[in-house]
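So the protein sequences, as listed, match chains A and B. Going by our numbering, the first residue of the first sequence is number 1, and it counts up by one from there. Going by our numbering, the first residue of the second sequence is number 1, and it counts up by one from there.
In case anyone wonders, no lab produced these hints; they're calculated from the structure. Values in this document were obtained by computation on a predicted structure and should not be read as measured data. Do not take every clue at face value.
To spell it out: a stretch of chain B is covered by chain A in this simulated footprint if at least three of its residues, at any positions, have a beta carbon under 8 Å from a beta carbon of chain A; those stretches are [as the list claims (entries may be wrong)]:
(1) 27-38
(2) 49-62
(3) 111-123
(4) 132-141
(5) 244-254
(6) 259-269
Reference listing, derived: stretches of chain A covered by chain B, where coverage requires no fewer than 3 residues with Cβ under 8 Å from a Cβ of chain B [claimed, not checked]:
(7) 166-176
(8) 223-231
(9) 266-276
Backbone N, C-alpha and C define an ideal beta-carbon position, used for all residues, glycine too.
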Amino acid sequence: MGIEAAAKRAVKAPLMTTRGLSKQYVQRSAFSRNKFVIDAVAEADLEIAPECLTTLVGESGSGKSTLATCLALLERPDRGEIWFEQKEISRLSDRDLRPLRPRIQMVFQDSAGALNPRFSAAQIIAEPLEVQGRETGQGLRTRACELMEEVGLSPDWADRRPLEFSGGQRQRLAIARAIALKPALLILDESLSGLDLSTQAQIVNLLLDLRDKHALTYLLISHDLSLAEQVADFVVVMHQGKIVERGTRHDVFLRPRHPHTQQLVSACHVVEAAFRTAQAGGQP
Amino acid sequence: MSTPSDTVPTGASPLLSVRGLNVTYGRGRRSAPALCAVNFDLAPGEIVGILGESGSGKSTLALSLLGLLADKAIIEGSIVFQGQELLEARESCWQSIRGARISSIFQDPGLALSPVMRVGDQIAEVIRAHRPSNRKALKQECEAILREVRLPEVERVYNAYPHQLSGGQLHRISIAQALVCRPELIIADEPTRSLDVTVQMEILDVLRSINRKWGSALIFITHNPALLAGFADRVIVMYAGRIVEDGPATRVFRRPLHPYTKGLLQLIPGGSQQENVMQRGRLPAIPGSLTDADRLTQGCIFEPRCSARIALCQEESPTEIAPERGRRVSCFNYGD
Chain A
1 MGIEAAAKRA VKAPLMTTRG LSKQYVQRSA FSRNKFVIDA VAEADLEIAP
51 ECLTTLVGES GSGKSTLATC LALLERPDRG EIWFEQKEIS RLSDRDLRPL
101 RPRIQMVFQD SAGALNPRFS AAQIIAEPLE VQGRETGQGL RTRACELMEE
151 VGLSPDWADR RPLEFSGGQR QRLAIARAIA LKPALLILDE SLSGLDLSTQ
201 AQIVNLLLDL RDKHALTYLL ISHDLSLAEQ VADFVVVMHQ GKIVERGTRH
251 DVFLRPRHPH TQQLVSACHV VEAAFRTAQA GGQP
Chain B
1 MSTPSDTVPT GASPLLSVRG LNVTYGRGRR SAPALCAVNF DLAPGEIVGI
51 LGESGSGKST LALSLLGLLA DKAIIEGSIV FQGQELLEAR ESCWQSIRGA
101 RISSIFQDPG LALSPVMRVG DQIAEVIRAH RPSNRKALKQ ECEAILREVR
151 LPEVERVYNA YPHQLSGGQL HRISIAQALV CRPELIIADE PTRSLDVTVQ
201 MEILDVLRSI NRKWGSALIF ITHNPALLAG FADRVIVMYA GRIVEDGPAT
251 RVFRRPLHPY TKGLLQLIPG GSQQENVMQR GRLPAIPGSL TDADRLTQGC
301 IFEPRCSARI ALCQEESPTE IAPERGRRVS CFNYGD
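Bound conformation, chain A alone (with noise of 0.2 Å):
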């Protein structure tokens, strides 16, 4: 998608937005009384745009992982707002949450992890469809297999355990699930980064082909730029905690404003730099 395709949806009113969003996590040590406080997201304001990808990049320990989880309200964050499809849900309570958690779905790193390894493939997607009361009996399963279909995989493998799966296959499995609810945000943590470049181009080609398809809105949580660099249409970047830089991929990566920014946009040019120079057959 382009640029002017970005701007253009970017106009409709942000799917989600935060205000002063803030989580700490109090540290105690085991032999005193000392507490360590960390702040892992200090008032992080932020917009996610309807049906774009929205990139959130920074270093380790910078906090992507802390905000990930308070935008799905798998943690419930100590200050600030959060507004999705027009409403506050940072302080709704299970029972009001329980409606809208179908809407917000996650995808993790760690696929092997994430999947049930007793359950077969379509067991594993057609859980949430079980849970929310969608299908029941023999619907349950086709529906898991057209979900199969959807993202890659052949309807055949139905009764694979997740092990039997590749990591690529594993990570489409993941995604099969994420969106069995029709959800309208898809949060992904890192879910491309243990994969090789050439299963992630594939990957990310589906995502963009889902969310044509769905109109999805995706954060994608990643350390890689240069993943961003190619297809996302907005930037966040974070840095101890904060939200230090965002703006379309365009201004990050051609016009960053922050120190942190231009220190992670020039390494990531440094390689690819050093790539093309070795491409076109000179000495780097």
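Following the hints, put chain B in place on chain A, whose structure we already have.
Chain B in isolation, oriented as in the chain A frame:
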């Protein structure tokens, strides 16, 4: 910074010579070939990058060069290291080689280090396993190697436990362990996967400077061709346990011959910064994936995913040819 040489060192006796290496896991009907007729030579001081997707046999190759394959693996062929046949070596012999003359750096240093031992002692342990030394000399050697891998605050790091150090620091510790006996060959199996780009570059820099200073040969295994540019002298591309292309890095990057190599190189954003940012549409992925069924069918194993396939590819498996001096490729329809 020395530039990778454009010529394949020939003539001088190789440091390592691998011939007809076959590795199969399991027996009978359920057996799975992991390496298939792998041949290559490594010159002293050479940096070779091994490139391939997961399942291509890269890690099996690393393990067989270290004599660390599981017992259930069936291994055939020959691995000659400095004139010694390693496949016939007994475990006692391996113990004097591993860590001292051939050492390894693995992917996850957090798992490779003991959590209950100070990292300095863990480095000293490697030296002690190979030659007698006294406490004072050991400590000096360890501190020297910590400086060599560019760790700051050597004194503090020496006395730290693994959990007190960052991921990047732990990586340097495991590199220090691999280097402390000044091995002739270092095998690095995806040592920078899951690291930030900045840390990745620093690690590559450390390895390159060690290679230049001590002349240790290096086998660097990765799935990311961008890391090998300007770093490796030679690139070996593996697919499904076979070497499909081998040649000097500069020439492979400038003009890849095998369609698979071309596909891998396309994955690196190659345009200018401006072009990458303006790119739209889908990424240039290689379609399909390697399946076990592919290994059994006749013809070229890459044929189902290949963009340059011809009629012959379905019937016959291509043999290796040397289209230029110092290069080889297994493909009927190689080149442009």
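Tested hints:
1. 27-38: violated (count 0)
2. 49-62: holds (count 3)
3. 111-123: As far as the stretch 111-123 of chain B goes, the hint is violated, because 0 residues have Cβ atoms under 8 Å from chain A.
4. 132-141: violated (count 0)
5. 244-254: Result for this restraint: holds, n = 4.
6. 259-269: holds (count 6)
7. 166-176: holds (count 4)
8. 223-231: holds (count 7)
9. 266-276: holds (count 9)
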